[in-house]
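**Q** Quick note, the sequences are listed as chains X and F, same order. All residue numbers for the first sequence refer to this note's numbering, where the first residue is 1 and numbers rise by one. All residue numbers for the second sequence refer to this note's numbering, where the first residue is 1001 and numbers rise by one.
Simulated from the structure, these hints should not be mistaken for lab results. Glycine included, every Cβ here is placed at the ideal spot set by N, Cα and C. Some hints could be false.
Stated by the list, open to error - Have a look at the derived ranges for each label pair, beta carbon to beta carbon:
no., chain 1, residue 1, chain 2, residue 2, range
1, X, Ala36, F, His1106, 55 to 61 Å
2, X, Glu231, F, Ser1156, 52 to 58 Å
3, X, Val75, F, Glu1298, 35 to 41 Å
4, F, Val1151, X, Asp235, 50 to 56 Å
5, F, Glu1240, X, Asp68, 42 to 48 Å
6, X, Thr153, F, Asp1077, 51 to 57 Å
7, X, Gly99, F, Ser1156, 23 to 29 Å
8, F, Glu1240, X, Val124, 28 to 34 Å
9, X, Thr153, F, Gly1154, 28 to 34 Å
10, X, Asp79, F, Gly1075, 31 to 37 Å
11, F, Phe1377, X, Glu174, 39 to 45 Å
12, X, Gln297, F, Ser1156, 50 to 56 Å
13, X, Arg219, F, Asp1297, 55 to 61 Å
Said to hold, decoys possible - Stretch by stretch, here's where chain X covers chain F in the computed footprint (C-beta under 8 Å, at least three residues):
no., segment
14, 1085-1099
15, 1322-1335
Unchecked claim - Distance condition first, Cα-Cα at most 30 Å in a straight line; then the derived DSBU-like pairs of lysine-lysine:
no., chain 1, residue 1, chain 2, residue 2
16, X, Lys119, F, Lys1286
17, F, Lys1081, X, Lys119
18, F, Lys1061, F, Lys1081
19, F, Lys1286, F, Lys1081
20, X, Lys239, X, Lys269
21, F, Lys1018, F, Lys1345
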Amino acid sequence: MRHQGFTLLALTLVAIGCGAPEPGDAPAVAPATHDAKLSVYVVNYPLAYFAERIGGDLVDVDFPAPPDGDPAFWVPDADRVAAYQGADLILLNGAGYAGWVDRVTLPPSRLVNTSMSFKDRYVVSEDAVVHSHGPEGEHDHGDTAFTTWLDPTLAIEHAAAIRDAFAAARPEHEAVFAGGFESLKTDLLELDASLEQVTAGQAQTPVLGSHPVYQYLSRRYELNLRSVHFEPDEDPDAKGWQALDEILSEHPARWMLWEAEPLATTAEKLEGRGVASVVFDPCGNVPEEGDFLTVMQRNLSNLERVLAGP
Amino acid sequence: MRQTLYLAARYLAFHRIKTAILITSITLILYLPVGLRVLVAQSSERLTARAMATPLIVGAKGSPLELVLNSLYFGSDVPEKMRYAESIRIADSGLALAIPMYTRFHSQGHPIVGTGFEYFRFRGLQVESGRQIAMLGECVLGSRVAATLGVGPGDSVVSSPENVFDLAGVYPLKMHVVGILAYSDSPDDDAIFVDLKTAWVIEGLGHGHQDLSAPEAASTVLSREGGKVTANASVVQYTEITPQNIDSFHFHGDLSGNPVTAVIAVPPDQKASAILQGRYQGEGEKAQIAHPVTVMDELLDTILTVQSFVVAGAIVVGAATLASAALVFMLSLRLRRREIETLFKIGGSRRAVGTVMVSEIVAVLLAGVILAAGLTFLTSQFGSVVIRALIRM
Chain X
1 MRHQGFTLLA
11 LTLVAIGCGA
21 PEPGDAPAVA
31 PATHDAKLSV
41 YVVNYPLAYF
51 AERIGGDLVD
61 VDFPAPPDGD
71 PAFWVPDADR
81 VAAYQGADLI
91 LLNGAGYAGW
101 VDRVTLPPSR
111 LVNTSMSFKD
121 RYVVSEDAVV
131 HSHGPEGEHD
141 HGDTAFTTWL
151 DPTLAIEHAA
161 AIRDAFAAAR
171 PEHEAVFAGG
181 FESLKTDLLE
191 LDASLEQVTA
201 GQAQTPVLGS
211 HPVYQYLSRR
221 YELNLRSVHF
231 EPDEDPDAKG
241 WQALDEILSE
251 HPARWMLWEA
261 EPLATTAEKL
271 EGRGVASVVF
281 DPCGNVPEEG
291 DFLTVMQRNL
301 SNLERVLAGP
Chain F
1001 MRQTLYLAAR
1011 YLAFHRIKTA
1021 ILITSITLIL
1031 YLPVGLRVLV
1041 AQSSERLTAR
1051 AMATPLIVGA
1061 KGSPLELVLN
1071 SLYFGSDVPE
1081 KMRYAESIRI
1091 ADSGLALAIP
1101 MYTRFHSQGH
1111 PIVGTGFEYF
1121 RFRGLQVESG
1131 RQIAMLGECV
1141 LGSRVAATLG
1151 VGPGDSVVSS
1161 PENVFDLAGV
1171 YPLKMHVVGI
1181 LAYSDSPDDD
1191 AIFVDLKTAW
1201 VIEGLGHGHQ
1211 DLSAPEAAST
1221 VLSREGGKVT
1231 ANASVVQYTE
1241 ITPQNIDSFH
1251 FHGDLSGNPV
1261 TAVIAVPPDQ
1271 KASAILQGRY
1281 QGEGEKAQIA
1291 HPVTVMDELL
1301 DTILTVQSFV
1311 VAGAIVVGAA
1321 TLASAALVFM
1331 LSLRLRRREI
1341 ETLFKIGGSR
1351 RAVGTVMVSE
1361 IVAVLLAGVI
1371 LAAGLTFLTS
1381 QFGSVVIRAL
1391 IRM
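Could you build all of it, start to finish, from the sequences and the hints given here?
**A** Structure below.
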């Protein structure tokens, strides 16, 4: 016992040096009262939509990101973090979405990574920059694709994780949550079937993505997709067009998926290269009109229109 | 009778030094064992109370006493580290709320406790001024730390290097004080609390550095091959986390492999507690689970053994002192033979003279008992406070 000497000293010091137990020294965290609505905070709109569909009136869903940005890259301030800290459940997308989660203090017991069940099916970018410096050696900063919900079958897994988390927090309402989930699942399966039908036979067709956000969509529906880094509200610079031309020389795509309607000038320049613009909104943030499903239906219609073209 | 007591009182007052010595001796004889018992009983109760408020502690295999003392009081040697995965494992089991702790670092002599948000709720700690930690690099201070260092919300504290000669080791991190906890009369008052991830940043497991693709970082880049950038050790790493650079902070690899010193496990009921404890009984298990109350009871048994020796010694010394006091009284009677004879000659009866002598002895004994009782009462009220203050001086 190498600490016998220490022990004798410590026991004396500790015995007389320790303080009185504070009133809050109760062994367990106070049991939750179940009469209030379940307070749920989320990191993107699809999760908010799924949570509302599953929880209905039994949950209070908050998505505090501003409506005009991409929630994936939004960073909440301390007050917003405090609001997250006060939630009963915090629904995370996983797959590296909302990197701010690693840089703030949130209660781990209330965090729910809704993509944990398909962690092994994340799409990892092959062009991630790897670098090394210092004693820890080579590492990269993670380039996992995170728009997981664009694959409706994965969206169903997100929803199942939400259902389970709700049921664990409010077991007395398990049947309600199960009902909400089944209804949502039906809708998502219908969407999946429609997308499958629309994209059937397009496996060899080259497609462009204006941004690398369609990885899960292209994997699910076997699209031959390559991405550039064009913003819908910006006219790409010469380098951007050059990069596009290089891609087109080996990947003769006829249409490009956009997160939002591109500038008319950009669309014209694309037309000039024989590339049609198709809006496929990932719907990471609250849509101006409708909800997640209506946006996806609109995306579906847009795809149908292009694929049914001459 | 009044005259008799008057004579006894006058005698004691006249021989005030001898009287004071006798009273002091008797007071100490009575007070030492009783006061020590009161102090130990009081401390034991407090010690057990904090242990009882902490159902289970999981840590790497090693000394359970070290694990419990470090986790409850942040004071002993740092126990062996284990992986954060253990905390995730407990949480995923659904058998207990898992509160990870990492208590390796210090700032100006005060322990930096890296933990989860649940710790504050678990211990009932309230933020008195400022706010709770929210962002990486922030800290809240125990009330005594704030008073000692004279800092408050808006100020900052810097983590201390573990070894002044470790020039290439852990970078000191400047942490922003965002809140002061309300006084809780517990070891939490003496600690600096940060998020577990901030503790990992202090350790160097997470860091922020300049963008290696930026032109100003060109001098640090040794090579660029495709998507692989190799930089030398002169890459500027940030020693303070600010809103401007927080986005550059990142962790390498899986966080579950990062270290913690302990995990406080809070099972919802006895059944879950028993199942959880059973899971750590396997031979191949690398972690141990400690029941703080049991560990502290064992510690207290040791304290009580030491105390018994002290009390036994005090009793022996007390007996010797009482014998000496009796001798003093007997010798005093011999020295006062002429005085006693004078009392007889002026008409004092044997009974009256005897009463004077007995009154003197009873008065001295009574004064000693009263003083010892008073000291014992004061000890029960303020003993531990005074000793804690002396320890901190």
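**Q** Check each numbered hint from earlier against the structure, then list the numbers of those it violates in ascending order.
**A** 1, 2, 3, 5, 9, 11, 15
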